[in-house]
Amino acid sequence: MTTLWRIAQASTALLLDPPAARTPAGWTQYYRSEMQRSGLASSPTRMRQRELEAGLRAHYGACLRVLPGVMDGDRFTGDWLAGIVRQQRKAVDPLHHLLLQDYLRSLSAATSAFGEGPWACRNPLHRTGSKACIRAFSQHRNHNHTVAVFACTCGYVYTRMLRDDDPAPGTPRFQSFGPMLAPTLRTWIEERHSLREIGRRLELDPKTVVRLSASLGIDTPWSPKCPSWLHHPCATRRGPQGDTVRESRPRRRNTAMPPRRNW
1 MTTLWRIAQA
11 STALLLDPPA
21 ARTPAGWTQY
31 YRSEMQRSGL
41 ASSPTRMRQR
51 ELEAGLRAHY
61 GACLRVLPGV
71 MDGDRFTGDW
81 LAGIVRQQRK
91 AVDPLHHLLL
101 QDYLRSLSAA
111 TSAFGEGPWA
121 CRNPLHRTGS
131 KACIRAFSQH
141 RNHNHTVAVF
151 ACTCGYVYTR
161 MLRDDDPAPG
171 TPRFQSFGPM
181 LAPTLRTWIE
191 ERHSLREIGR
201 RLELDPKTVV
211 RLSASLGIDT
221 PWSPKCPSWL
231 HHPCATRRGP
241 QGDTVRESRP
251 RRRNTAMPPR
261 RNW
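Mind the numbering: the sequence shown is residues 1 to 263 in full-length UniProt numbering, read in order.
The hints are simulated quantities; they were obtained by calculation from the structure and are not laboratory data.
These numbers come from a predicted model, not from an experiment.
For glycine and all other residues, C-beta sits at the position ideal for the given N, C-alpha and C.
Calculated pairs, EDC-like style, for lysine to aspartate or glutamate (alpha carbon to alpha carbon, straight line, at most 20 Å):
| hint | residue 1 | residue 2 |
| --- | --- | --- |
| 1 | LYS207 | ASP219 |
| 2 | LYS131 | GLU116 |
| 3 | LYS207 | GLU197 |
| 4 | LYS131 | GLU203 |
| 5 | LYS90 | ASP79 |
The following label-pair restraints were derived from C-beta to C-beta distances:
| hint | residue 1 | residue 2 | range |
| --- | --- | --- | --- |
| 6 | ARG192 | ALA136 | 37 to 47 Å |
| 7 | THR153 | GLU51 | 24 to 34 Å |
| 8 | ASP165 | ALA21 | 43 to 53 Å |
Build the full structure now, drawing on both the sequences and the hints.
Encoded structure:
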């Protein structure tokens, strides 16, 4: 009875003092934000539908069956619960809004293992005194752990991993630098800084610096390690114009069987 009384009060308040109108896109953004806050979303676009349905059923119990247009047997009429947290393109029954909002309010905000925001930007090229300027992060599942992706407006992106069997999140790991890397890297190379020094400044290992330089098309005094067979005298030759022509890999003699002697 208490639950029905609460819904009746919310319905009366909605009629007497309706809130500001929202577009379907606005409602989508609102519910996805509330789902994340309540721990019912693994990312801004991935809702935990089964947990939401189980929680809503437990929250209202038998009351769901006496409310009009809510249940069709054991299923939600028209699958409205799943549709309301998806990309909305049409109007939704006001009662459905009230039911979902009442349930979400009853949930305590999920305490993130990654701490409360905002979060610091860790871009070594954009030092802001570890200023907390990242307002939100996204999450996704990768095998047996959760990966949080933190993206700053400067373009720097890093991740942190949370294993299911360990409550402590892992150390931040670089994912991308954004537009600041290429010009800075070219300047340091022109200034003849060593590979190890550039890696220290970027807080990356030398191999990653070489890989990033190659992906950006930057000419460097270093190059990715070539296979040893490319250093074979037969691996390259000079073409008619003096250019270097790469040959195919020389074949190795099969030494598994000794040479035949009883001809």
